[in-house]
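Given next are the chains, with one letter for each unit.
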Amino acid sequence: MSVPADNAPASRQAGVHEESRPSLAALLIDPSFWADWASVVGLVGLVILFGVTSPVFLTVANMQAMLLAAAILVVLSIGQTFVVATSGIDLSLAASVMLGAVILGLGNAAGLGIFAACVLAVLATSAIGLMNGVLITAGRIPDFVVTLGTLSGITGLGLILSGGEPTMVGSTFLLKLASGYLGPFGYPVWVAIAAVLVAHVALYHTRFGVHLLATGGQAESASALGIRTNRVKIAAYTISGFCAGIASILLVARIGSAEPQINTSLLLNSVAAVVLGSVSLFGGRASILGPAIGALMLTALVNGLTLLSVSAFYQPLAVGVIVVLAALIMRYQK
Amino acid sequence: MSTVNHIAPSEAILACQGLSKHFGGIRAFTDVGFQARRGEVTAVIGDNGAGKSTLIRCLVGVHVPDGGTIYFDGRQHPFSNPDEARKSGIETVHQNLALIDELTVAQNLFLNREIVRRIGPFALLDRKAMKEQARAMLSRLSINVPSVTQRVRRLSGGQRQAISICRAAGSGAKLVVMDEPTAALGVQETANVEALIRKLREQGVSVILISHNFDQVRRLSDQIWVMRAGKMVATVRSSETTGNELVAMVTGAA
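Protein sequences appear in the order of chains A and B.
Under the numbering used here, the letters of the first sequence match residues -11 to 322, in that order.
Under the numbering used here, the letters of the second sequence match residues 19 to 272, in that order.
Okay, chain A solo, but in the shape it has when bound (with noise of 0.2 Å):
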């Protein structure tokens, strides 16, 4: 800037204009611009071209259904984020979300309090989060072996448990939390509010977060700085389980039992919205609302591809694409 500082203020507010200005047409050649807002831009994208083409999908009614269903998603993409910033993956997250269902249905039906049942879920699935972070840490096997392994495990533990047969939970507690509004928004949808800015305030506004994001950057060199790697490994890992017990309630209020079907696309959709919220798969690098925006932006497409009456078969196609395609935007990150 070729403007002194010490002028008056009208021509500093020029030069405050003319410096502005070209950043802001080099921010949209730039493509690092579009790997760090993918999911804002693909979600902003995709109601535009939903809005157009169908007629219902931007009505509040739509728009309400669609948080509704965005909500498992978004509070289950935030435990996977916590997990890939430390460089793991949890793909034990969706079975974790299946057993904690069937946990919640079983204790409700064995006479446990609906609450009690709840609890003991979110319990169950922590515990199931703990014990993938200490066999990581501990027992040196790598993250997706050891998730995998949680994931048969628990599916079948899961299949055990139930017989294979889905439990009614007749609850009214569930009801109003799957069917009650509060303001705009139905309860699941400030359940995953709550959770986005619980997860966003513990990532970049505590001593936990930054040591976080340390151990997933470079594990070596925060340990040598006296950050106990392992534990913040094994925190990650519990509060993926925690949020998939979470998940399991909202699931379980939703379609109004506990199914031992496993649903995996839940799973490769909390990945999905991941890596189309910008965090870094190596590690080190994370945002919460990134992965949240993401998710939106998944059951938007599945919304919109359903309104547009396009068979659902497409519906994984077209969100492989879209990920594969964010991957490959995500190497332009600076």
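Please note that the accuracy of each hint is not assured.
The calculated label-pair distances, taken between Cβ atoms and stated as ranges, are [said to hold, decoys possible]:
hint	chain 1	residue 1	chain 2	residue 2	range
1	B	174	A	130	45 to 55 Å
2	A	161	B	175	40 to 50 Å
3	A	20	B	270	30 to 40 Å
4	A	168	B	141	28 to 38 Å
5	A	44	B	136	28 to 38 Å
6	B	136	A	15	11 to 21 Å
7	B	174	A	20	12 to 22 Å
So these bits of chain B aren't anywhere near chain A, every CB distance computed over 12 Å [stated by the list, open to error]:
hint	residue
8	121
9	125
10	126
11	165
12	219
Worth flagging that the hints you see were computed from the coordinates, not collected in a lab.
Glycine residues also receive a C-beta, built at the ideal position from the N, C-alpha and C atoms.
Let chain A serve as the given structure and place chain B on it in line with the hints.
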């Protein structure tokens, strides 16, 4: 064994006697005596495999020595891990294990000693205070970086090394240990880091410097210790020696 014991213990910030370390059947060093004076730059030189790095790692608690005693700040002080050493006031600038690329300059400077504000039961980072103090730390050592909120990934090798040293010194360390601090740097960057080391000494911080560069050692240090094949073979005042003499001591030609 020409190890000289002419320094009074109270003058030494860090000293050891009869120190030995073996890895299985392989002897890293035996019966080493060494002293670093308070407020001085003490250099340890030697050929590859002479045992310098292992000795330093024993002194700062990375390895536990097999035998011998270590004194730090006048007290017998065997450190069982680097954390203990750090808490007692020894900071180490590692050759490769230095900074976290994805974190900012300020986050790196305060890594694992973050400033927090207590709000009820929660402790939240005081990012503003950390940024301000980071700026102050950097300017005290005349280190130039574009911004303390910049990610370290985008800095040059010299800037990164300067920040590592700043972090080590900034914690109020009594002794900063540096392992080949200029090994990967260009000429200008090396000069900057050397200026930084002088600045540390001016501010009363003791420094132990491991280096291969004999000219650098003579420029920077007050006392030079020479290791050869797992033994401490000589020590000289830097002002009383020449490059040729150092080469002779390191290679054993003298």
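Structure-based check of all given hints:
| no. | hint | verdict |
| --- | --- | --- |
| 1 | 174/B x 130/A: 45 to 55 Å | 34 Å, violated |
| 2 | 161/A x 175/B: 40 to 50 Å | 59 Å, violated |
| 3 | 20/A x 270/B: 30 to 40 Å | 55 Å, violated |
| 4 | 168/A x 141/B: 28 to 38 Å | 34 Å, holds |
| 5 | 44/A x 136/B: 28 to 38 Å | 50 Å, violated |
| 6 | 136/B x 15/A: 11 to 21 Å | 39 Å, violated |
| 7 | 174/B x 20/A: 12 to 22 Å | 20 Å, holds |
| 8 | 121 | 6 Å, violated |
| 9 | 125 | 6 Å, violated |
| 10 | 126 | 9 Å, violated |
| 11 | 165 | 14 Å, holds |
| 12 | 219 | 24 Å, holds |
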